[in-house]
Amino acid sequence: MNLDWALGRLTLDALPQELVTQGGAVLMILSGLAVVAALFYFKRWRWLWRWLTSLDAKKIGVMYVVVAVIMMLRGLADALMIRAQQALAAGDSTGLFSSDTVQQVFSAHGTIMIFFVAMGLMFGLINLVLPLMLGARDVAFPFVNSVSFWLFAVGMVLANVSLVLGGFSPGGWLGYPPLTEMAYNPGPGVDYWIWALQIAGVGSLLSGINFLVTILKKRAPGMTLMKMPLFAWSILVTTLLIIFAFPILTATLGMLSLDRLMDMHFFTSDGGGNPMMYINLIWAWGHPEVYILVLPAFGIFSEVVATFSRKKLFGYGTMVWALFGITFLSFIVWLHHFFTMGAGANVNAFFGITTMIIAIPTGVKIFNWIFTMYRGRVRFSVPMLWFMAFVITFTIGGVSGVLMSVPAIDFQVHNSLFLVAHFHNVIIGGVIFGFFAGLNYWFPKVFGFTLHEGLGKLSVYAWIVGFMVAFLPLYALGLMGVTRRLDHYTDPGGWQVLFIVAGVGVLIIALGAGLQILQLIVSIWQRKKRRDTTGDPWDGRTLEWSVPSPAPFYNFAITPKVTERDAFWEQKEAIKRHEKQEKPKYQSIMLPKNSSIGLIVGGFAFCIGFGLIWHMWWLVALGLVGVIVCVIVRCSNDTVEYELSATELEKFDKQYRRQHA
Amino acid sequence: MKTALKIILPLILIGMLAAGGFVFFQSVDVAVLNPQGEIADKQRTLLLFASALSLIIIIPVYMLLVFFAWRYRDSNKKAAYRPNWANNKWLEITWWGIPCILIAILAVVAYRTSHELDQFRPLDSDVKPVEVQVVALQWKWLFIYPEQQVASVNLMPVPEKTPINLSLTSDAPMNAFWVPSLGSQMYAMSGMSSKLHILANHTGDFNGSSANISGEGFADMAFTVRSQTREDFDAWVDATRGHAEGLDMTLYEELAKPGTVDQPVFYTLADAQLYDKIVMKYMMPPASDEKSEDEQDHESHDAHMGHEMEGM
Chain R
1 MNLDWALGRL TLDALPQELV TQGGAVLMIL SGLAVVAALF YFKRWRWLWR
51 WLTSLDAKKI GVMYVVVAVI MMLRGLADAL MIRAQQALAA GDSTGLFSSD
101 TVQQVFSAHG TIMIFFVAMG LMFGLINLVL PLMLGARDVA FPFVNSVSFW
151 LFAVGMVLAN VSLVLGGFSP GGWLGYPPLT EMAYNPGPGV DYWIWALQIA
201 GVGSLLSGIN FLVTILKKRA PGMTLMKMPL FAWSILVTTL LIIFAFPILT
251 ATLGMLSLDR LMDMHFFTSD GGGNPMMYIN LIWAWGHPEV YILVLPAFGI
301 FSEVVATFSR KKLFGYGTMV WALFGITFLS FIVWLHHFFT MGAGANVNAF
351 FGITTMIIAI PTGVKIFNWI FTMYRGRVRF SVPMLWFMAF VITFTIGGVS
401 GVLMSVPAID FQVHNSLFLV AHFHNVIIGG VIFGFFAGLN YWFPKVFGFT
451 LHEGLGKLSV YAWIVGFMVA FLPLYALGLM GVTRRLDHYT DPGGWQVLFI
501 VAGVGVLIIA LGAGLQILQL IVSIWQRKKR RDTTGDPWDG RTLEWSVPSP
551 APFYNFAITP KVTERDAFWE QKEAIKRHEK QEKPKYQSIM LPKNSSIGLI
601 VGGFAFCIGF GLIWHMWWLV ALGLVGVIVC VIVRCSNDTV EYELSATELE
651 KFDKQYRRQH A
Chain S
1001 MKTALKIILP LILIGMLAAG GFVFFQSVDV AVLNPQGEIA DKQRTLLLFA
1051 SALSLIIIIP VYMLLVFFAW RYRDSNKKAA YRPNWANNKW LEITWWGIPC
1101 ILIAILAVVA YRTSHELDQF RPLDSDVKPV EVQVVALQWK WLFIYPEQQV
1151 ASVNLMPVPE KTPINLSLTS DAPMNAFWVP SLGSQMYAMS GMSSKLHILA
1201 NHTGDFNGSS ANISGEGFAD MAFTVRSQTR EDFDAWVDAT RGHAEGLDMT
1251 LYEELAKPGT VDQPVFYTLA DAQLYDKIVM KYMMPPASDE KSEDEQDHES
1301 HDAHMGHEME GM
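Order-wise, the sequence lines are chains R and S.
The first sequence begins at 1 in my numbering and counts up one residue at a time.
The second sequence begins at 1001 in my numbering and counts up one residue at a time.
In short, the hints are calculated from the structure, not lab data.
All C-beta atoms, glycine included, are put in the ideal place defined by N, C-alpha and C.
Since no wrong hints were added, every one of them can be taken at face value.
20 Å max Cα-Cα, derived SDA-like pairs, lysine to any residue:
hint, chain 1, residue 1, chain 2, residue 2
1, R, K576, S, Y1081
2, R, K572, S, A1086
3, S, K1281, R, G271
4, R, K312, S, N1088
5, R, K227, S, N1088
Some, not all, of what chain R presents toward chain S, calculated at C-beta under 8 Å:
hint, residue
6, R310
7, Y374
8, R379
9, Q412
10, R485
Next up, chain S with everything else stripped away, as it sits in the complex:
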């Protein structure tokens, strides 16, 4: 009776915890398991598949551990005792073999998905993608829309069901751009431009995280991706363009100074080459006395180099 209680009580406890956990996780947004975009959706399937595969190892390990511990406990004199038994070819082949097969399966899946879900690979879609250039700053995110000629801080409006082609750089310590609901993370580093492709399946506000520590205000670098209907997105562009302040290099330098931003800010993009210039800032020799002269003389050259770099 007592031993039965010893086993049943912990089981009841675990059962209650599991039930409580289930109810709790129903009520909150587990973003990675609750995808709102094509990429995140595939990643969730992949995560669940790999987890299921790993159960093939976890379950036997736990069962054998508990069973052997109980069966071969010191006080159980009925159990066999063979102190010198230490080798068995077939057993060893089994537990080299099964993990090898599982890992082989997972390796194929890993190879395929790292191509399929490669951050640099454009998404297949009939809809014309929207280009967004992302700049990680201390401590805010700047989103530049070169085609729409607008820019935004800490809020990234996008049209739904449309591939978003992101170019990422940083004008501050490196950071990482991550929207868990939409999928995949990418480092943003100064002096270079990396890529990420995402797509939102429907409208909604999705939380974006900045995933790499970048100094004191790093925790304030949360941003929002606002997925809207195409009409709403166009309306936002129209409302912003021409009405908001023009973002050129001077205003940008002001924005780039360390500090946090509470409310999203919108701009009209006044300098079409802004992103390239931000990338190129770090490609030139260290700032010297002739900086102003440099800027004037090489403006067209800078932009050209910047495009070349993007292709790298």
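Chain R with its partners taken away, still in its complex shape:
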């Protein structure tokens, strides 16, 4: 029987052929089955369904973080494989894996770490705290928020399904054509990469719009823009970047997939296509993307430093202007990713200079944070230690970035491990350390108990030592002439030793990640003892600390009124001064009902992506129709909210405060 119409180009050959990918696939399937079995055993299906269909930003935030943390373990496993391969594959040895596998692992590591770890943690943290910080009940569009999450999750699933069926793209995390064109990579790997990113990218764009509107429209009365916490400012500029940058990604990948599916010639070598256009476009998105990740981390540090120094953030106005400066500049520097493409001396100089100018507002921010500690009372809790680790690593990363912004220096280190060391320096030292600080900082607000301090501190030390041991040798290797993405090499002296040292570094980082998992387990174990009864475990400054921990599903029983920056700190000061407090007046509120449509849209999006990857056109059609039907169904539903009456709310609030006091 001919099943081509149904299966497209999917055949049994798509199953993993190599031992390592087979192992990965089996492991993934087994852990999936284990989760299903556990759900049956503990009879948690209904509980899970309530989570998956929730429109509460806090729950969606937790789901983002869970996905991102699981993906971080996958990305870390990829990193360990890369390091093991490069530590061994010198001279005649070809190491552990075939070159095709290594290239897939390289591409998967980059793709997963950026799109599903860093982006996931970012959206997770925004969902968890942004509405609370603004004194809002939820994001502007709770349903869109759920759709965003599910599109993100489907992108993640597609990227991982490739492990079981067909393999991933070997074309690097940004998939430069013509290597990623049909002429050189006809298999499904590149398509997995494209559609994982396309679907997750649409989710990111929707999130960007959602959070921007939330900030502009849902702030508590009295909270003018210049009274917002700096984290909210950092999200505001981030969402602007998302809204301007992500459509470029969508269009670029769209053209690449038209090349692949319909034999068009946007980026092919022949037929009038031009790969240089792709490289321009992908970086016109790719450079702002770096700031999409790092600006929220800057926002987190702005909150953490002020809170743990028990002091106002130094130079609030400058910090806001610095954010806008970085946002604007980040759109006019993209060419520095290909100084070696031959654009000409003047063009290179222009983009080099705009790049180094970004260092000015960034440097100013670092000085402002450090001077926030000046004449403060600095407590070295885990989030503050992450801040210290951040300043130490990020400064090195920033400086190596400035070095490479000089075009004539870049000519010598571009695409070498020096570059690899640089971007890990800013992304781990800036983005990931920032998100870890945020997770430790806001954890009690979400779950109602604090994380173990001792283990948290140990994990900081392991990460920073591991980071130095893993990445400083890569700077040296880059200067020794080692290029990126090598699956084996001939050692002219010293290469292998440094690769082994770097491998040890990644093991230390893995130890740090292990300590974090242990920290979580121990904290859950001791959750009764670690309960945060005050709602304000760090002597916080912003509104999220004014509600009990864990934050109730309605966020604020009474909408707060804001008169100053650091609104909650000012409230506490007013109480200390024995100013008269207003009596609470409860009013009925509207809250979004759970909705399964986001999840269903995700399912149909999976059909579209999977169908396009394997050329199962009926599945694509089914997915498209399904998404349209979902939109119509949702739009025709007028009862998407329910009312919580004033008396009920009062009852909840009092009960809540009693329980958690």
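Assemble chain S onto chain R, guided by the hints.
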């Protein structure tokens, strides 16, 4: 005593690591910092200058961070505490101003050097340059010497102290040509020809890297630049020309098939227009049935177009 140990022990550890690192890096070739050519030499100076400049920021940041962290730690009740102090015009002017000055200096340097070290700019020299046409293939490098009428795979012999004018293209996914000891990298892309100018100060073998992923055998695309005396170079040309196999389009198509090459291969150049033809392959409409007819009719036309393109 205990606190003193806490500070001294890490310092000793760092000192030992630094000493070990110093000894280690003396024994290996850090190509970018150990230049063998004019361009790489200038780039090293530039790198060291920019690094020194950046220390003006790194050192105060680290010192302030450590000092404030220690001085204003929670347990130190002697230190001043001013929870509402959050603005100071002069401090802010200082840390906007100093980075602005540093970046202004670096910007001038960046502008000048991107002209001076522009890959497209021919080197100033009295010696007549040697032209080499470089083709990135899956997965080997082809070096064509149009004047000497020879070609070579994965080994690029050049005379020392002589400007080498490289034209680069690719007949495979894009790649990048990089000889760290001699300086500067350049992308090689199909359907177009870019330029790079290098010069080796003395004789020696220098490792070349292929710096952009181009498929499965990419890691095997390492090549060697062999800088020789003029006599040795001429001797190599003479030994190769007329004796080695003639490289024409047919043999080239065979060579261009995906695969790696272990040992360098030398050819006599049998088709003077080979490089132009390789570039022009991608400038024509997609291969069709009339390909053979096309090739015959437009041979002279192709070559002409190719030259024009190079000037672009």
